[in-house]
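The number in the numbering used here is simply the position in the sequence shown, starting from 1, with 42 added.
Source of the hints: derived by calculation from the structure; they are not laboratory data. Even glycine gets a Cβ: it sits at the ideal position worked out from N, Cα and C. Keep in mind that the hints are not guaranteed to be accurate.
Label pairs and their computed distance ranges (CB to CB) [said to hold, decoys possible]:
| id | residue 1 | residue 2 | range |
| --- | --- | --- | --- |
| 1 | S245 | I212 | 15 to 25 Å |
| 2 | R101 | G411 | 32 to 42 Å |
| 3 | H93 | Q187 | 19 to 29 Å |
Heads up, simulated DSS-like pairs for lysine-lysine below, C-alpha to C-alpha not over 27 Å straight-line [claimed, not checked]:
| id | residue 1 | residue 2 |
| --- | --- | --- |
| 4 | K375 | K127 |
| 5 | K286 | K224 |
| 6 | K375 | K224 |
| 7 | K375 | K286 |
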Amino acid sequence: MLLGASGGLIAAFVAWLFLIGPWSNADMNADPATPPSPVLGPFEGEAPIAHFEAWRARRERLRDGLQRHIYGPPPASVEAIVADKRAIAPQDAGGVAGVEQWEIDLGDIGRFHLAVVRPPGDAPAPVILTLNFSGNRAAFPGRPQAIAPPVDGIQWYCRSAALDPAFRAIFGAHINGPPFEKIRARGYALALLYAGDVVPDLSRRGRATLARISPPGAGALMSWAWTASRAVDALSGDARFDAKRIALFGQSRQGKTALLAGAMDERIAAIIALQAGRGGDAPREGVAGEPLRHMLRTFPHWFSPRFAEPAPVDAHHLLALIAPRPLLVGHAKRDEWADPAGAREARAAAGRVWDLHGAPPPSAFLRAGGHGIHPRDWTETLNFLDARLGP
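Could you build all of it, start to finish, from the sequences and the hints given here?
Here it is, written out as structure tokens:
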């Protein structure tokens, strides 16, 4: 079936999203007049943090609590070896200049690819490490064959270029890939990562891989955050890039991943998380966005099995672990998946830790439209990074 011949394929795709996708829940987004969730409390009933040393003493306990109750443990520590680097000419990369393809070897755990895009100039460049869920090849115009496809499985609706126009129409122009030339012109390098190369974003196969590479109770989000840190390892070893200015960008499930990676790895200089929702920047008991029960039923491989149980840790603890580094959170007015009001409450609670450091609080914006990645999201991201990291 040709996509341009009729609207049939697009209509079928939209119908799938609304009939059996997450919007099928009537209570997905609560009445905006409904009050937000209760005031978020401290970890395990402890007194609120009042000074810097108290925060330093609590950080590792919070990281441990997030692993025990929400995300599970990471894979074992391994050396990330850059097994191959090769330049790809613009005509073989969808017209994008400055492209290289890296293969990162993780030993028995597996391997993943980075699609690295360098800006003009010779000075060490700041890097935006960009997480995606359709694979690196899908991020480039025309899905060029020179860009490696996913190593392992991927969601069926990400496999075919025939659905790309529908994805862009529904989820925004940059849902699969960033505005390459705009980013290069601002002086940033890009490193594109599909963390599903290590743990597939598929329930059965994902859990089988987790059972092989991680301790019991592991979730895919933690493994993806761990994979992002291995990408930081690889990028930090190349003098063409500024290891002290590596920012991490993610949206939706990859927004959750970006927040978690930032909480666990203090080398990441800035975090941009768009519409991360439950399990990310929104409290688990919020009144809007994707219900927890729906997430656990549809994506059971994302979290530790214990995430279904009440826990002493929540979104504000996750956000606080990013302090005092720059954090940008983005939301959309018609987003049915995320919970902007709950996320605002979590930021307010976590913001006390930025105050303790004397650092600027997390930044946030709310744009028109729905769930996805639109030009406004990248404009806000680049302006934020210019202001906080320097171009």
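So, going through the hints one by one against the coordinates:
no.: 1; hint: S245 - I212: 15 to 25 Å; in the structure: 23 Å, holds
no.: 2; hint: R101 - G411: 32 to 42 Å; in the structure: 36 Å, holds
no.: 3; hint: H93 - Q187: 19 to 29 Å; in the structure: 57 Å, violated
no.: 4; hint: K375 - K127; in the structure: 41 Å, violated
no.: 5; hint: K286 - K224; in the structure: 22 Å, holds
no.: 6; hint: K375 - K224; in the structure: 25 Å, holds
no.: 7; hint: K375 - K286; in the structure: 34 Å, violated
Figure legend: structure checked against the earlier numbered hints; hints not met, in rising order: 3, 4 and 7.
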